[in-house]
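Participant: With the hints as your guide, set chain B onto chain A.
Single-letter residue listing:
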Amino acid sequence: MEFAEKIKHFLDWLLGPVTFFLFSVIGFGAMIAFRGWWTRTPVALSLFGLSVVVFLLSMTDAQFRVIIEKPDNIPIVIMLCSIGFLLWLAFRKMAINDGLIEQGLPTIEARESKKRVMCWPDLIYSEFLIAILVTIALLWWAIEIKAPLEEPANPAVTPNPSKAPWYFLGLQEMLVYYDPWLAGVVFPTLIIGGLQAIPYIDMNTKGNGYFTFKERPFAITVYLFGFIVLWVLLIMLGTFLRGPNWSFFGFFEYWDIHKLTSLNNVNLSEYFWNTWLGMPLPENIFLRELPGFAVVIFYFAALPPILANTVFKRFFIECGFIRYNVMANLFLFMAALPIKMALRWLFNLKYIVGIPEWFFNI
Amino acid sequence: MASTTPPTRTANAQLTRRSFLESVSTGWFIFTAACIAGLSATARFFFPNDLFEPPTRFKIGLPENYAPNSVDENWKAKYRIWVVRDGEKIVILNATCTHLGCTPNWLLTEGKFKCPCHGSGFYRDGINFEGPAPRPLERFKLSLAADGQIEVDKSRKYQKELGQWNDPDSFLKIS
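Each protein sequence line maps, in turn, to chains A and B.
Numbering-wise, this note's numbering puts 26 at position 26 of the first sequence, and it's gapless, one number per residue.
Position in the second sequence counted from 1, then plus 362, gives you this note's numbering.
Derived from the structure by calculation, the hints contain no laboratory data.
You may find that some hints are simply not true.
To be verified - Which bits of chain A does chain B cover? Going by a derived footprint, with three or more residues having C-beta under 8 Å, they are: (1) 147-158; (2) 244-251; (3) 271-277; (4) 350-361.
To be verified - Among chain B residues calculated to face chain A with C-beta under 7 Å, some are: (5) ALA439; (6) GLY481; (7) GLU492.
Stated by the list, open to error - A partial selection of chain B residues facing chain A, derived with a Cβ cut-off under 10 Å: (8) THR460; (9) PRO478; (10) SER482; (11) GLY483; (12) ARG486; (13) LEU524.
On a predicted model such as this, the values are computed, not experimentally measured, just so you know.
Note that beta-carbon positions come from the ideal geometry of N, C-alpha and C, so glycine has one too.
Extracted from the complex, chain A is given alone in its bound form (with noise of 0.2 Å):
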């Protein structure tokens, strides 16, 4: 028993904020470095069968039961598995075509699309099996789980914590790090935006039709990081991890609501004139808030060209002027996310630019 609970107590260090996040990202590069290794069939059943094995073992923590076993909370059980399966899919057959196309040998989807099936028997029987069974567990779903519902609104009771729907919760963790109007109206239009723009900025043809790695590494590996750990990863962050007070919370932790956090946040203005210069804050707002601006001046005006000499050399060439921009600001706005999770886990950093003056803070 003293192990198990020494496990759990590791656990829940990892799932830290900033563990959690870190480890995130190293699997998530893992992920793709060794996309070979473990997409195999025997390597990644067994990481299945391990994941259902600690699964089942943390069933039997009370604390862990509660949160899995919310109504609200199934469904998103159900997406990591479906997502860690597709994600599997996804490499597998990325891997294996890497391999074909390496000797010259036609893919996975080219051999498939010689092949014909008929319409009647072979697709809409299926169909109706699968329809049948969707029907029936959704059914069985809505017997035995009960709607979560709660007692009339009061705006002067605001539950705690307070949960946006589950496909919400990124937006919600990113309104602990950025201003409403950032998080909340800027962000979420440069998301759609930009996923809009890919087809236009995406100069390489390469890919269409079948599963690659090796021929569009970068636009892979960018749109997963910010699919599954900007968005995915913050779901399930937001779902099982954030409890009483917005607090962060292990998944075998009790949720108290007395858990003790400091969180001092301090403005990028008080580290520079308090901190470093010594110097009581300037009167003058746009002096106070100098080194912020400079800070992001510097990230969305001079960092483009900087990259566009040193790793993104290619992509320029490529690109052009105007598409190349709006290539690497949409990455930069993308990346401002997690380097302000960093930066406020690491140096309780509040706002790189903060006037609550006029509402404006980034």
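Facilitator: Okay, now just chain B, sitting in the frame of chain A:
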């Protein structure tokens, strides 16, 4: 027998230029009238007969009822305010988080207000110190009424970042 052939479309139509214009104008008139009626009904919807709004000016009892160095939560459900008293000063805090408008909770043991939505934290005087809230909680106007009770006026608010907390109406000195 040629006269008994079924009437064709042109033979059936009594539609002259005049009657066409008449029916079109009638139809257009009815459509416009319906639109105006619908829009006025929508506009009327914005002015309900009864508003369930708590009064903005109300009395909250004698200053002596509030213990020194305490946060009083008794009016939170009704008026969404906290009555905060330190040594000799009483202030009224607006129980609305300055981040996105949730209602924070007063945590007595920690001595802070904590918002359940994104984790913003405020000291007892309303100053933000943790989480994303960009500015301190707002304060409301308060004064002593003729009967010795504290009277709160929620229509006037005082924001620290605008330097309004020095306004003598934003706090009540107790001798």
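Participant: All the hints need checking, so say for each whether the structure fits it.
Facilitator: Taking the hints in turn, this is what the structure says about them:
Given a C-beta distance limit of less than 8 Å, the hint that chain B covers the stretch 147-158 of chain A holds, as 5 residues qualify and 3 suffice. A stretch counts as covered by a chain when three or more of its residues have a beta carbon under 8 Å from one of that chain; for the stretch 244-251 of chain A and chain B the count is 4, and the coverage holds. Counting residues of the stretch 271-277 of chain A whose beta-carbon sits less than 8 Å from any beta-carbon of chain B gives 0, not enough to reach three: the coverage restraint is violated. Coverage of the stretch 350-361 of chain A by chain B holds [criterion: at least 3 residues with CB-CB distance below 8 Å; count 7].
Evaluation of the B/ALA439 hint against chain A yields a held restraint, the C-beta minimum of about 5 Å falling below 7 Å. Checking B/GLY481 against chain A: minimum C-beta separation of about 3 Å stays under 7 Å; hint holds. Checking B/GLU492 against chain A by beta carbon gives a least distance of about 4 Å; that is within 7 Å, so the hint holds. The criterion of a C-beta within 10 Å of any C-beta in chain A is met by B/THR460, whose closest approach is roughly 8 Å, and the hint holds.
Hint status for B/PRO478: holds, given a least beta-carbon distance of 4 Å to chain A, under 10 Å. A distance limit of 10 Å between C-beta atoms decides the matter here; for B/SER482 the minimum to chain A is near 8 Å, and the interface restraint holds. The interface hint given for B/GLY483 is met, as the beta carbon of that residue sits about 7 Å from the closest beta carbon of chain A, less than 10 Å. Evaluation of the B/ARG486 hint against chain A yields a violated restraint, the C-beta minimum of about 15 Å exceeding 10 Å.
Residue-level restraint check for B/LEU524 holds (minimum Cβ-Cβ distance to chain A is 7 Å; threshold 10 Å).
Comparing the model with each earlier hint shows violations of hints 3 and 12; every other hint is respected.
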